[in-house]
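Student: Here the protein sequences line up with chains U and D, keeping their order. Under our numbering, the first residue of the first sequence carries the number 59, and numbering increases by one thereafter. Under our numbering, the first residue of the second sequence carries the number 10, and numbering increases by one thereafter.
A couple of the hints might just be wrong.
[Claimed, not checked] Short derived list, chain D residues pointing at chain U, Cβ under 10 angstroms:
(1) Ile36
(2) Asp39
(3) Asp42
(4) Leu44
(5) Glu47
(6) Asp72
(7) Thr73
(8) Asp75
(9) Pro103
(10) Ala104
(11) Ile107
(12) Leu112
(13) Leu114
[To be verified] Have a look at the derived ranges for each label pair, beta carbon to beta carbon:
(14) D:Met88 x U:Gln70: 43 to 49 angstroms
(15) D:Thr57 x U:Val100: 35 to 41 angstroms
(16) D:Ser90 x U:Arg136: 24 to 30 angstroms
(17) D:Leu123 x U:Arg136: 19 to 25 angstroms
No wet-lab data here; the hints were simulated from the structure. For every residue, glycine included, the Cβ atom is placed at its ideal position computed from N, Cα and C.
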Amino acid sequence: MPQLNSIQEKVQLDVLKIESEYDIVRARQAVRFYAKEMNMGVVDQTRVTTAVSELFRNMFQYAGGGEIIIEKGDFQARAALVVTCIDHGPGIEDIEQAMRDGYTSGSGMGYGLPGSKRLVDDFFIESRVGEGTTVRIVKWV
Amino acid sequence: MKYDPDDLKVSKRIPIIKYGEFLIVSIQVDMHDRLAMELQTQILDEITKTNAKGVLIDISVLDTVDSYIGRMLYGMATMASILDAAVVIVGMQPAVAITLVELGLDMPGVLTALNIEQASRMLKRKIKNKK
């Protein structure tokens, strides 16, 4: 099980809910807003916005929605934007399989998790069957 | 419920403009998934209705193209070619192109152009070669 590396000097920026597909758009726009506020470069803004868009859609499709916490803080001594997605859906039985490129259990194309991981600087996933899934991504500014 | 212009549920139809043998679509909103799918259907409907030979899709103001929208664009290009129309994606932002490649989404066979003029030249050449 990968270790959850801690974020120093954490400041909460926003808490959002995903309940519909419109919320996916709103929430990804919020993430871009905070990335911009932190003076992240345009390419990194796009990477992180796209990464969370995949995660938010997963939450909506597989868990019916969930909660998003947007924070800033220092990750490994560098300023970073941190987005945590918490759902209480069915959970992922085989995380290794779900993280494999091209794997999909639903209507998706299987880019969700592995694609999202490639676009960020740190990716942490924890899931319990029947309880839900938590994904935390970190993008350095 | 009160009217809220910022509410995404208020249907924002994306206009499809017919110009000669072409259809021109300029996507100016951050599309939610259903809107993306509706647009795909609308464009395919328009192709059959107008017998268009080419579709120019301007995405120059889109700052996020995730796997869903990417797949919609790719799917539409494939379906349009079955209907004998070529699709050109116009004006993709460099940051979006970088992100799509890193995400792992490639769109084999989809034509892209930097601007509308270039796209229209590409389509004209393509149509001429077919005749």
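Student: Looking back at the hints listed earlier, which ones does the structure fail to meet?
Tutor: 1, 5, 16, 17
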